[in-house]
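Protein chains in written order, with numbering that gives the first Met the number 0: chain A, 0 to 155; chain B, 0 to 155.
Hints were generated in silico from the structure; no laboratory data involved. Misleading hints may appear alongside valid ones.
Below 25 Å or equal to it, Euclidean Cα-Cα: the simulated PhoX-like pairs (lysine-lysine) are [as the list claims (entries may be wrong)]:
no., chain 1, residue 1, chain 2, residue 2
1, B, Lys81, A, Lys9
2, B, Lys81, B, Lys46
3, A, Lys9, A, Lys46
4, B, Lys9, A, Lys9
5, A, Lys81, B, Lys9
6, B, Lys9, A, Lys46
Taking CB as the label site, the calculated pair distances span [as the list claims (entries may be wrong)]:
no., chain 1, residue 1, chain 2, residue 2, range
7, A, Glu56, B, Arg78, 18 to 24 Å
8, A, Gly48, B, Pro24, 47 to 53 Å
9, A, Ser17, B, Arg154, 40 to 46 Å
10, A, Ala108, B, Leu19, 55 to 61 Å
11, A, Arg145, B, Asp58, 23 to 29 Å
Keep in mind the model is a prediction, meaning the values are calculated, not measured. Note that the Cβ used here is the ideal one computed from N, Cα and C, for glycine as well.
There are 2 protein chains.
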Amino acid sequence: MTTACPLCEKTADPNQLSELVWEFPLSVAVLGEWQQYRGYCVLLLRKHGAELSELSEQDRRQFLDDMSLTAQAIERAFRPRKMNYEMLGNQVPHMHWHLIPRYPDDPDARQPIWGPVERAGADAVLADRLRGEPSLRRETIERVRRQLQELTSQRA
Amino acid sequence: MTTACPLCEKTADPNQLSELVWEFPLSVAVLGEWQQYRGYCVLLLRKHGAELSELSEQDRRQFLDDMSLTAQAIERAFRPRKMNYEMLGNQVPHMHWHLIPRYPDDPDARQPIWGPVERAGADAVLADRLRGEPSLRRETIERVRRQLQELTSQRA
């Protein structure tokens, strides 16, 4: 753990996370900021590390299993046109997957979400629209959780 | 296989690919278009499918193992500041991973590569610069291959 790492702080006590979706042994799913992409979750690794190659084979596979299962739960909850899976870490080099469902009514459906997200940085109205209403955010968490409950009980 | 799928066509006969990097049983690594990000590879699944959830557990894990190993080979060959892992498929919904090394001298190092790539669509000089020289492309393929040879022989 690097004390200056914001994702180490976040994962140190998942129960303090306001928009926690799911706790896996090795990772934590939280609601993504931009719920215009309804169901968008971020999967945070519960230990510090920048690259998959730093993990043991067992941890790497477990983390990628968690990623796959969370993406599948989002698919089952919201039936997107396509899922986007992205692990970047250019700004915060602590492994985290952006799991972003994409929908046909998105005017930028053929592009990654980062163009609109960057524009939202200079446009508060757009930012609010991309974030979505608090009630919708809460309902989204519940719907993804329900799918993860089903999927993990099948797996167990 | 969907006959209209360009990635089904590409993976049908990997030996026809001009910038083939590596053949795995389930996937094929080719050099990515934008070698300003030196070592950038794309890992194509050798069967048609849009989402990880469509694969058997065995195939999904194998594909993600191939992804991890290719990314590790790029890291070993070029020592980037960070790797970006992206599976989008918004334009071509046939699973493929963009494995993109990022370097400190990149003026957009904190952002995904898609901003510059989009600008290159309207700027031939920028596009040529992002693509890189043919001789550098060939050398890059060799360097990633050498690392994959080492890594796969360790694994075998």
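Results of checking the hints against the structure:
Between lysine 81/B and lysine 9/A the alpha-carbon distance is near 21 Å, which keeps this suggested pair within the 25 Å criterion. For a cut-off of 25 Å, the pair hint linking lysine 81/B to lysine 46/B is broken: about 29 Å separates their Cα positions. The hinted pair formed by lysine 9/A and lysine 46/A meets the criterion: a straight-line CA distance of about 11 Å does not exceed 25 Å. The straight-line distance between the Cα atoms of lysine 9/B and lysine 9/A is roughly 42 Å, outside the 25 Å bound, and the hint therefore fails.
The suggested pairing of lysine 81/A with lysine 9/B holds, with an alpha-carbon distance near 21 Å, which does not exceed 25 Å. Of the pairs offered as hints, the one joining lysine 9/B and lysine 46/A is violated, with about 38 Å between alpha carbons and a cut-off of 25 Å exceeded. A hinted range of 18 to 24 Å holds for the C-beta pair glutamate 56/A and arginine 78/B, which are about 22 Å apart. For the pair glycine 48/A and proline 24/B, the beta carbons lie near 28 Å from each other, so the given range of 47 to 53 Å is not met.
Separated by about 42 Å at the C-beta atoms, serine 17/A and arginine 154/B satisfy the suggested range of 40 to 46 Å. In this structure, alanine 108/A and leucine 19/B break the distance hint of 55 to 61 Å, their C-beta atoms being roughly 31 Å apart. At about 27 Å, the beta-carbon gap between arginine 145/A and aspartate 58/B stays in the expected band of 23 to 29 Å.
Consistency with the previously given hints fails for numbers 2, 4, 6, 8, 10, ordered from lowest to highest.
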